[in-house]
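Residue numbers (numbering that gives the first Met the number 0), protein chains in the order written: chain A, 0 to 232; chain B, 0 to 96; chain C, 0 to 320.
Think of the hints as simulated: they come from the structure by calculation, not from any bench.
A portion of the hints provided could be inaccurate.
Distance condition first, Cα-Cα at most 27 Å in a straight line; then the derived DSS-like pairs of lysine-lysine [said to hold, decoys possible]:
#, chain 1, residue 1, chain 2, residue 2
1, C, 69, A, 188
2, C, 180, A, 37
3, A, 97, A, 37
4, C, 147, B, 16
5, C, 255, C, 169
6, A, 112, C, 69
7, C, 162, B, 16
8, A, 141, A, 37
9, A, 97, A, 141
10, C, 169, A, 37
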Amino acid sequence: MLGHRLSEWCGHGPILEEDIALANIALDLIGQATLFLKLAGETEGKGRSEDALAYFRDAIDYRNVELVEMPNGDYAYTMVRQFLFDVFSYHMLEQLQKSTNPALAGIAAKGFKEVRYHVRHSSEWVVRMGDGTEESHTRAQKALDDLWRLTAEMFQADDIDREMAAEGIGPDIAAIEPKWRAVVDDVMKRATLTIPNDPPAMTGGRKGRHTEYLGHMLSEMQIVARSYPGAEW
Amino acid sequence: MTSNETQWPLWEVFTQKDDGSPHEHAGSVHAADAEMALQNARDVYGRRGNVVSMWVVPSAMITASPSDQAGPFFEPGAEKIYRHPQFYKIPRGLKGF
Amino acid sequence: MDQQPQNTTEEALNAKFEARIAAGETIEPKDWMPERYRTQLIRMMSQHAHSEVVGMLPEGNWITRAPSLKREMVLISKVQDEAGHGLYIYCGTETLGVDRAELVDQLLSGRAKYSSIFNYPTLTWADMGVIGWFVDGAAIVNQTVLAKASYGPYARAMIRICKEENFHKKQGYEIIATLAKGTPEQKAMAQGAVNRWWWPSLMMLGPSDTNSPNTAELMRWRVKRKTNDELRQRFIDLTVPQADAVGLTLPDPDLKFNPETQHYDFGAINWDEFWQVVKGNGPCNRERLQARRDAHENGRWVREAAEAYAAKHSSPAQSAA
Numbered sequence: 000m001l002g003h004r005l006s007e008w009c010g011h012g013p014i015l016e017e018d019i020a021l022a023n024i025a026l027d028l029i030g031q032a033t034l035f036l037k038l039a040g041e042t043e044g045k046g047r048s049e050d051a052l053a054y055f056r057d058a059i060d061y062r063n064v065e066l067v068e069m070p071n072g073d074y075a076y077t078m079v080r081q082f083l084f085d086v087f088s089y090h091m092l093e094q095l096q097k098s099t100n101p102a103l104a105g106i107a108a109k110g111f112k113e114v115r116y117h118v119r120h121s122s123e124w125v126v127r128m129g130d131g132t133e134e135s136h137t138r139a140q141k142a143l144d145d146l147w148r149l150t151a152e153m154f155q156a157d158d159i160d161r162e163m164a165a166e167g168i169g170p171d172i173a174a175i176e177p178k179w180r181a182v183v184d185d186v187m188k189r190a191t192l193t194i195p196n197d198p199p200a201m202t203g204g205r206k207g208r209h210t211e212y213l214g215h216m217l218s219e220m221q222i223v224a225r226s227y228p229g230a231e232w
Numbered sequence: 000m001t002s003n004e005t006q007w008p009l010w011e012v013f014t015q016k017d018d019g020s021p022h023e024h025a026g027s028v029h030a031a032d033a034e035m036a037l038q039n040a041r042d043v044y045g046r047r048g049n050v051v052s053m054w055v056v057p058s059a060m061i062t063a064s065p066s067d068q069a070g071p072f073f074e075p076g077a078e079k080i081y082r083h084p085q086f087y088k089i090p091r092g093l094k095g096f
Numbered sequence: 000m001d002q003q004p005q006n007t008t009e010e011a012l013n014a015k016f017e018a019r020i021a022a023g024e025t026i027e028p029k030d031w032m033p034e035r036y037r038t039q040l041i042r043m044m045s046q047h048a049h050s051e052v053v054g055m056l057p058e059g060n061w062i063t064r065a066p067s068l069k070r071e072m073v074l075i076s077k078v079q080d081e082a083g084h085g086l087y088i089y090c091g092t093e094t095l096g097v098d099r100a101e102l103v104d105q106l107l108s109g110r111a112k113y114s115s116i117f118n119y120p121t122l123t124w125a126d127m128g129v130i131g132w133f134v135d136g137a138a139i140v141n142q143t144v145l146a147k148a149s150y151g152p153y154a155r156a157m158i159r160i161c162k163e164e165n166f167h168k169k170q171g172y173e174i175i176a177t178l179a180k181g182t183p184e185q186k187a188m189a190q191g192a193v194n195r196w197w198w199p200s201l202m203m204l205g206p207s208d209t210n211s212p213n214t215a216e217l218m219r220w221r222v223k224r225k226t227n228d229e230l231r232q233r234f235i236d237l238t239v240p241q242a243d244a245v246g247l248t249l250p251d252p253d254l255k256f257n258p259e260t261q262h263y264d265f266g267a268i269n270w271d272e273f274w275q276v277v278k279g280n281g282p283c284n285r286e287r288l289q290a291r292r293d294a295h296e297n298g299r300w301v302r303e304a305a306e307a308y309a310a311k312h313s314s315p316a317q318s319a320a
């Protein structure tokens, strides 16, 4: 989802160098998503390919956190969203490399290499915008204020997460939060940005209860694939 | 329209393709500081892999040889033929010298 | 400067320059060059760079609707390459002593031109295939020759670009080949895109030699090595068999192989349409420029933020830049 969102910047970034950087990150993320979806389809055993899972599921069947489906907004919004997710993804993939499921561990190892750079890119931008001009600081702070409420959802383990963690397949995502928070605190301090005190928003993305944005995003993404069912591309 | 437009400084990018080979000039990028220059260089000149190391150097820091005096500047070196191994005669038939 | 020989009059320098060109030597940034050579190169290279950058838009238009994850990734990496290629050529142009900011300003204010082809709209997914096949195909024909241009930085940028662009045409042709052997609707989509893009692709290689004011001079200076008409003929000769191979028809009833010339003859190009598009009256001229202006304006505070941060935190060595 986030890769798809980033790809919307292609041709519209603040400077050519950033168009290229965002495209790289989008490619990494969509690549990771493809591998995870392929594995999910194989594990399900009903013959659904990664494309079937991406293009022929409705929003209500998507299981992503709401943070990543939020619209791009301005560049501050995009970068703060990216940073908050990247740090989570970094710790999650780091743990997932130790999964007892070798296929998952393999995907995580590949993704972990990529996300190390993503964190570097987004954190340096958050710092530059926070500690840049008055305008950039205002925009970055606004983005953080808006998005902060959606971060708690990343660490809310459900029964499946707990079962996976118990079997050593998935990481203990609740345990990631303090590590995530330490990095976020450090970067926000460098960025001279203030973490808001707002309580978490009521979110339900991981149960399929998404924001209204997801439906629009998917309707665009799925239009060609669904208009010609059974076609090869 | 944008006469007050400033621009990020230019940096020259050097990439090393394999361990042990020299860094070669790949091109340039614009960036406000060294960290961003390195990131931009990575994204622009390393996006197809095939790079193991990168340098970025502010373009303004490079001092170049005078191009209109390439003759006087370099020819004295080329004339010192005794620096080249072909200058020396080795007995015929000797291999692997 | 006091070491310079005394006979470096403009005339003598010019004669020396022309002799170097005639001998096939490569001109480098710090070499002396006639002002006219410099301005012609800036014009040509910046147009080329602008074309790459504006060229991101018609294809970017379909990234979010690509019909499979693989196609989406391929398209992103292709559009990304266009940003990269624009960047390489801007950097090459900067060696001639002009800032990228100035070049971008020329584009956004409408003073600079870019390739006419990108003012046409992308209406179906098949357009992604045809752009790769025709537009990148034509660009490769042009750039392969430019890779031997007399100006070193331009030639080197072209070599890098040609290497990277290899996959652009192939992915486009693969999209079209897949559609052509797909459902009847898919084949119709492919044929429709071929019909819409064929003539604009031929025009993209530039006005006919009889009507191209810059060609003679650029050829003499070995910046261009083939005329527009020669490039166009080469593109047509390459493309016709490729269309046959996937069972699609190029929309020109006069297109047929001429055994005498060993080339394909083709019908008359509607140059009026070409000049209309060049003058700004094409289907998407305004939208394309507006999109670039918006990106530039919306990005201004971002660029300023990075500058402000660098000014606050730079070390002495870096501030020398």
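- Decide if the proposed pair is consistent with the structure: residue 180 of chain C and residue 37 of chain A, CA atoms, cutoff 27 Å inclusive. Holds, at about 26 Å.
- Is residue 162 of chain C close enough to residue 16 of chain B, meaning Cα to Cα at most 27 Å? 16 Å, holds
- Message: Check the hint pairing residue 112 of chain A with residue 69 of chain C against an upper bound of 27 Å on the C-alpha distance.
- Response: 21 Å, holds
- Item | Proposed proximity, residue 16 of chain B with residue 147 of chain C (alpha carbon, max 27 Å) | 24 Å, holds
- Query: If you draw a straight line from the CA of residue 169 of chain C to the CA of residue 37 of chain A, is it 27 Å or shorter?
  - Reply: 25 Å, holds
- Message: Checking one constraint from the list: CA of residue 141 of chain A to CA of residue 37 of chain A, max 27 Å. Satisfied?
- Response: 37 Å, violated
- Message: Next pair to validate is residue 69 of chain C with residue 188 of chain A; report whether the Cα-Cα distance is within 27 Å.
- Response: Given that 27 Å is the threshold and the Cα spacing comes to 39 Å, the pair is violated.
- Query: Holds or violated: residue 255 of chain C with residue 169 of chain C, Cα cutoff 27 Å?
  - Reply: Holds, at roughly 25 Å.
- Task: Sort out whether residue 37 of chain A lies within 27 Å of residue 97 of chain A, counting only the CA atoms.
- Result: Holds, at about 20 Å.
- Query: Between residue 97 of chain A and residue 141 of chain A, does the CA-CA distance stay at or below 27 Å?
  - Reply: Not OK: residue 97 of chain A and residue 141 of chain A at ~37 Å, beyond 27 Å, violated.
In this structure, the earlier hints numbered 1, 8, 9 are contradicted, and the remaining ones agree with it.
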